[in-house]
Every structure is written in C-alpha cells, then in structure tokens.
Amino acid sequence: EPEVTQTPSHQVTQMGQEVILRCVPISNHLYFYWYRQILGQKVEFLVSFYNNEISEKSEIFDDQFSVERPDGSNFTLKIRSTKLEDSAMYFCASSEGAGKETQYFGPGTRLLVF
Amino acid sequence: SQKIEQNSEALNIQEGKTATLTCNYTNYSPAYLQWYRQDPGRGPVFLLLIRENEKEKRKERLKVTFDTTLKQSLFHITASQPADSATYLCALRGGATNKLIFGTGTLLAVQP
Numbered sequence: 001e002p003e004v005t006q007t008p009s010h011q012v013t014q015m016g017q018e019v020i021l022r023c024v025p026i027s028n029h030l031y032f033y034w035y036r037q038i039l040g041q042k043v044e045f046l047v048s049f050y051n052n053e054i055s056e057k058s059e060i061f062d063d064q065f066s067v068e069r070p071d072g073s074n075f076t077l078k079i080r081s082t083k084l085e086d087s088a089m090y091f092c093a094s095s096e097g098a099g100k101e102t103q104y105f106g107p108g109t110r111l112l113v114f
Numbered sequence: 001s002q003k004i005e006q007n008s009e010a011l012n013i014q015e016g017k018t019a020t021l022t023c024n025y026t027n028y029s030p031a032y033l034q035w036y037r038q039d040p041g042r043g044p045v046f047l048l049l050i051r052e053n054e055k056e057k058r059k060e061r062l063k064v065t066f067d068t069t070l071k072q073s074l075f076h077i078t079a080s081q082p083a084d085s086a087t088y089l090c091a092l093r094g095g096a097t098n099k100l101i102f103g104t105g106t107l108l109a110v111q112p
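Protein chains in written order, with our numbering: chain A, 1 to 114; chain B, 1 to 112.
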C-alpha cells in the first residue's frame, strides 16, 4: 500500500541553524501538508500546498518557514533559523483531492533544537 | 474560537468489550470529521471519515457516528483487543479549507 515517507527520522540542530525536512507524498496525490506536534500536545496545522503554491497557512507558519516541491516527488519544509520552541515532531501528509479528502500522514521527523 | 474536546483521561477497558470514545466540538461547523490512531512516536494513521450529511459509518470492528446538532462524534471499537491500545485522535475539517483541526486525543488501554 502506498505510504508517505519522511527523512530524516530524527534531526538534532543548534539554535539559529537551518534545517530541511523532506517528504515523499503518495504518488498520485495533489495536496500536500505539514503539521507539527510538540511533545504532549495536539497535532497542529502548519501549511497546505497545491498546484505549486501555498493554499493555506497557519499563524505558526511565519517567515522562518518555507515549503517547496523541488521535483515531481519531493516536498520539503525549511526552517531558516531554528528556535528552541521549534522542537517538535513534524508530519507531512498528502491527499488525493477532487472529492477524496482523507489526509494520509507520514511517520514524522523528530526535530530537537538545542 | 474553535474548540475540540476528547476524553482527557485514559480509557481502560477489558479485552472483548466495546470501547466508546467521544469528540465534542464548539464554534465550528465541520464538513468532515476524521478519526486517526496514533502510537507513541509515530504519525497519525487514518481510520474513518464521516461527512456532515452522514449519521454513521462502519469499517470492520469500527463505527463512527456524527451528530451535528449535538456537535459530537462517537467512535466505537467492538470486540476490543490489546492491539487496539493507542491514542485516538478526532480531526475536523471545514468545507472551504483543507486544514485539519485536531483534538488532544484519548488514550485507550485494552487489558487482556
């Protein structure tokens, strides 16, 4: 069964450094998302992406964040200058669109900023 | 503001019994409601989706109900097994948006 994959599974970085989290959505899906989950808290929406542009973003998704679909299979989340409070699990998700609304999530990248 | 509430305390049940989890929401009119399972350190796994015009959905041992008047969804697992032990997340989505709004989840523990 097709799955969303994410790399790396864990990332440790120093405050102020840039990180890029990578995702390969399910191949025929058209909508892509990033969510995050701070330890012990709920899953929170960051951004959705469709047709090579951001379709929606939350107030968390400020200028430090950016997303890109550099080729036909990858979808990335970049954090330019990480802060301690960016430490969280980051989940990529994708959905088929066109009336098929279910979002399928990847296994996540655990980001630790020190 | 929009609020989604799930049973905050863990739900402990005996193997073979039916587990019932609750999701209540306020200040929101979702077009879709989805239930996910999440194991520790893992991503949410999709279980069931129910639309605002549907009352009930079933899939194998799982059943979801959706009452837009009460603003509540119930999630049932019949003949529960220890392998069903996990956190179950309720997520809502409006009609004009793709973003999911998640509840905090309910931890289910099925005792053998």
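Any given hint might turn out to be false.
[Unchecked claim] Chain B regions said to be covered by chain A (calculated; three or more residues, Cβ under 8 Å): (1) 56 to 68; (2) 91 to 101.
[As the list claims (entries may be wrong)] Taking lysine to aspartate or glutamate and the EDC-like style, the derived pairs with C-alpha atoms no more than 20 Å apart in a straight line are: (3) Lys42/A - Glu9/B; (4) Lys3/B - Glu68/A; (5) Lys59/B - Glu1/A; (6) Lys99/B - Glu53/A; (7) Lys100/A - Glu56/B; (8) Lys99/B - Glu101/A; (9) Lys100/A - Glu56/A; (10) Lys100/A - Glu9/B; (11) Lys63/B - Glu1/A; (12) Lys100/A - Glu54/B; (13) Lys99/B - Glu44/A; (14) Lys57/B - Glu44/A; (15) Lys42/A - Glu5/B; (16) Lys3/B - Glu96/A; (17) Lys55/B - Glu1/A; (18) Lys99/B - Glu59/A; (19) Lys99/B - Glu68/A.
Bear in mind the hints are in silico, worked out from the structure with no lab data behind them. C-beta atoms are modelled at their ideal positions from N, C-alpha and C, and glycine is treated no differently.
Inset, instruction - Starting from the hint list further up, note which numbers the structure goes against and sort them upward. - result: 1, 4, 10, 11, 14, 16, 17
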